[in-house]
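Colleague: One letter stands for each residue in the lines below.
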Amino acid sequence: MRVDYVNGNTAIAEGAITAGLRFYAGYPITPSSDIFEYLSRRLPEVGGYAIQLEDEIASINAVIGASWCCVKSMTATSGPGFSLMVEGLSIAVMTETPLVIAYVMRAGPATGVPTKTGQYDVLQAVYGFHGGLIIPVLAPSTPQEAYDLTIKAFNISEKLRTPVILLSDAVLANTFGRVVMRSAGEIEIIERKKPTKPPHLYKPYEAEEDLVPPMACIGDGYDIYVETLTHDERGVYAPTTHVQRKLMERLYKKIIERSEEIFEYRITRPSGSCDYMMISYGSTALSARVAVKELENESIRACLLTINTLYPINEKALRKLCEESSMVFVVENNLGLYYREIRGVIRDKPVISIPVIDLEIPDPNEIKRMVRKWVEH
Amino acid sequence: MGRALANPLDIYLRVEKLPTLWCPGCGIGIATQALLKAIDRRIREGFLRKDQIVFVGGIGCSSRVAMYVKFDSIRTAHGRAIPLATAIKIVKPDRRVIVVGGDGDIAGIGGNHLLHAIRRNMDLMVIVINNMIYAMTGGQHSPTTPPGIYTTTTPEGSFERPLNLIKLAWSLGANYVARGSVTHPQLLEQIFYKGLERRGFILIEVISTCPEVFGRHIGLRDAVELYRRLRDKMIVKKNPSIDESEYDWEKGFVLGVFVDREEKGYIDHLRLLRRDCMR
Ligand code: SF4
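Sequence lines, in order, name chains H and P. Take the first sequence: its letter number 153 is residue 153 in the working numbering, and every next letter is one higher. Take the second sequence: its letter number 262 is residue 1262 in the working numbering, and every next letter is one higher.
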């Protein structure tokens, strides 16, 4: 264990190395670039590689290639770069390739304000790629969470053979904080499941009880064949409804059935009772935390639920957390995108969107003002 | 398992996936056979091990080579094979990584990846099976369609200047640049055989026939007729100069090895830099 004072981007890079990252491919884009720069220095020290490619499309494909050599791999980007990556992301979902994308959001759309923050891409992160499946999206709100959730992201990706997105933002990227870093022996690091069957009996897409097939890599002697087309358990292209249905259901279920295990949150209760529940994520949660504390002085007893796992939501847990509150506020630095997801889960009480469009860290006073308006109704 | 080998090259094929989806008379099969023969020779000579070879493909008729050969093989999205192969080569530098794709896949949508991989002298063997058309998607115009040729997206005949892959690879500093043709399979095998031994970037263009789409659209319905017509356009040269690489449907195509040199490849540079940690 060691303690350091680092920003969110460095925390992600260090978390990745702790988790076993050994290959990084990327293309520079603000505000994610210093993850890349930091890893360019750090990865060779641990025997890994950080390479710069011609674009984000190349980067995500390189990450897929390295992962198929059983090397833990990641890339980092921001909105416009992620848009280019979604083609490859879909390939990673279909081929069940473990990888991590650190997605550091900036203000969009288009090229927006590259150096400033926003949470406009929260839906793109999960729904952006073609094919309509689901991938886990984790969102840290502090440098410590950035470190811890990066490790969790790698662990989920290895365990479930899925890409995982670590959704950060420009404020967190540049926010410094105390981070407790662990060595690999001190925390659980998950490695991917390898086949135990000999090559002639091995079926590359035959899942075990956990719905995840063991993964033979390039160089393991299995003559692997990685198929991006709809495939049966042998990896043979099979354009039939039966095979498509079976594959899609498994790919979806292996994630969704793990909601409980993947779902992570933090609850802040300034006055103990949660008459109102404020839900937030990412760096906006820092402002929301200030707001709930200050609202207590006005006898508005609100709690803050910082959601660290944006997808998949553990719906049961979320409903339970909001049980005692009469109203739910969703605070985010966009026009109210994740609010729609929450509204889809909490249906027995008012769910109100508090959109704070702010290029800096959202102003707690603005949050308070909007909450007051609803509470005094 | 249990199936008698119909062909000595069957050990390099995923026989369970046969027959291939390639149309009768398609040139891709000939190119694949020449490549497997060259690989087989290298393996029998002890120069390569079977498990050292990795195939990477994108999308299109030609990239399905990666689907039928029995090596570690992987396919990705249209045009993206080269960056994926690049990563494999970096983390597994003792592998011989072979990318096979068509003209649309590698020179069209993947063009940017191609030129940067050549610029890096990335140690890859990239085989472009050039049938001058987007075949799998129904015969649209490709970067190598000769001028005047009808395609489904240039109904009045293509007027774009086609890409000369040989000159492109030469200008960016590839170590080994050659053009073969399915009409000359022995020469093609020899080009592959040599290429398998080279380091740095290896670009091999294979002029091929697509009777089903290209041939049918230009009125050469018969596979044999198209093959003959193409064969008449091929000019074999021993040591052709780069100026002889001209890509011209009217004058014909010079086949041979245009560049063959021993400059350090990307992996050599990486090895020097990272003497201790290359696995
Ligand atoms: S469409 Fe053309 S290139 Fe594709 S398999 Fe048929 S003949 Fe070959």
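To be clear, the hints were calculated from the coordinates, so they are not data collected in a lab. Treat the hints with care, as some may be off.
Said to hold, decoys possible - Part of the chain P face toward chain H, derived, beta carbon under 8 Å:
1) Leu1013
2) Lys1017
3) Leu1018
4) Thr1020
5) Phe1047
6) Leu1048
7) Arg1049
8) Met1067
9) Ile1074
10) Pro1083
11) Ala1085
12) Ile1088
13) Lys1092
14) His1113
15) Glu1246
The C-beta atom is built at its ideal place from N, Cα and C for all residues, glycine as well.
Colleague: Hint by hint, where does the structure go against what was stated? Just the numbers, ascending.
Modeller: As far as the earlier hints go, 1, 3, 4, 5, 6, 7, 15 are violated by this structure, in ascending order.
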